[in-house]
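Let the sequences and hints guide you as you build the complete structure.
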Amino acid sequence: MPGDDGVEESFTAFVRASGERHLRVAVLLTGDWHAAEDLVQASLVKLYRAWPRVDQVGGDPDAYLRRIIVNTHRSWWRARWRREAPAAQLPDGPWRGEDADQRALAVSIRQALGRLSSKQRAVLVLRYFEDLPEAEIASLLGCSPGTVKTHAHRGLRALRAELGGLGELDGLGGQWPPGDPPTGAGPAVPMSAGDRDPVFSTANGKSTGEGSDSR
Amino acid sequence: MNGTDEDVETMLVTGSSDMPPGIDLLRGVRDRQAPARRRARYRMRALASAGAVAVAGGGAVLATTLTATVASAPSAFAAVTAAAAKTSAESFQMTMDASTTQPTGNGKKLSARVTGEFDMSRGVGEESVTGPWQFQVRYADHNTYVHTDPGSPQVVFPAGDPAKPWWELPTGTPLTSTPIAATGDQVGQMPISPDALLGLLKSAGTVTDEGSASGPGWTGTKYGFSVTEAKSTASGYVDVDRQGQVRDLVTTLTSQAIVVSPPLAPATKPVESPGPTLTSTESVTFGDFGTPVPVSAPPASEVDQLKSPAAMSGLGW
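Listed in order, the protein sequences are those of chains Y and U. Residues 3 to 217 in the numbering used here are what the first sequence spells out, letter by letter. Residues 2 to 318 in the numbering used here are what the second sequence spells out, letter by letter.
Take these hints with a grain of salt, some might be off.
[As the list claims (entries may be wrong)] Here are the computed lysine to any residue pairs in the SDA-like style, where the Cα-Cα straight-line distance is at most 20 Å:
(1) Y/Lys151 - U/Asp6
(2) Y/Lys48 - U/Asp6
(3) Y/Lys151 - U/His143
FYI, nobody ran anything at the bench for these hints, they're computed from the structure.
What follows is the structure, encoded as structure tokens:
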């Protein structure tokens, strides 16, 4: 890897393109930006080690990284070595006016998420923020799709109790608190048409579910 | 298409919208490349003030290349994903112009126009597609129904009951703006359902504020975005009005095609091989928000069930 400019370049490009989204997943899982940054940095180190393998076999690096993040967060949670940053502590910064209100709302939401169980929180984030199907969430968390549904249902109910008045605040729009999560439509797949000649379809970025991390 | 899912999503987007500047995601990888005796210990650091930029450190080979920082302003990403979530919960009219061009081969370009109306909160909608093929689509009761115009070329459906002109597609079968055609012609991989289109925005990896935008009866902000997944890259811009609704969405999708050839022998799998790079473009306009959409599923007596998308291909899988 050291000195392999092609690997470094493709890895850097991937982080530039997708890093922010994974960081947002991490802050929803961990509750604060310090821990989220640490979590994603640590996960990217693991992904970097496996990068030549991921890149060469045409794997889905987002799925790899997501699995590493989820597993690393779970191992950190079990080890409890992460010092929880005080949720009410706000950093010095340019928060003023609308930004300050936005930040306060974001912190409130993360605090409410933080009071859920780690499994419920993970299911809600993977289901509603990452828009993953239940089967994939079940694979990530090592449980059955039925258990995923249960965590989603209970997590939403608990979140409703925590954020009961949040629907009155600006910025959320729509109805809140929501009802039980329904099933959504499946992902897009090109419809094919034609006769016996070859047909084209796009490469499908399916998740391989591989990642290198201990449970 | 469901208001409840979008509410939760909006809440989570808001919960991650206050990203501070200066986060350096690649610091850990750079530190690992440094000599062991100079490797930095992981520790929490104070959030940087506005304007701070992560600087490459250490003497390793990677130092000058791994300087990626989180480039998107927190508000740009939050604005776009919130707009996608909000629009996904409303009713509106939609017009789309789509085209697909293959850069190699005969360079033929296929174009299509899609017009439709949707009430995302009720999960209903109707679209009419004209172009290389013509068909109508209805979304209702969590199903997708397709009705092809008589004589429409390109589309092959299994022989069905003439009294049942609607096909109910298997769950999860999405539709594209132009057909996946035979004999080396181009393919259209851009989706036509607003769910899929707005889903692109929700998956955006990078979002940038491009300045002001305006249209008939609205003003707002233009954002550039890009999404990369496996072998495909989608990029473009989206205009969001002051009410937080998506107004215009222009997307270019570049993807690596896979050529799927008929099986070499009966009861064997089709043969896949790398295909050309395809470029598809869609320009979508959303408007007339809040308009009632009186769409419902076709009468059951007029609907036939399509067992598999492959049944439409004629390849006999």
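Exercise. Out of the numbered hints, which ones does the structure contradict?
Worked result: 2
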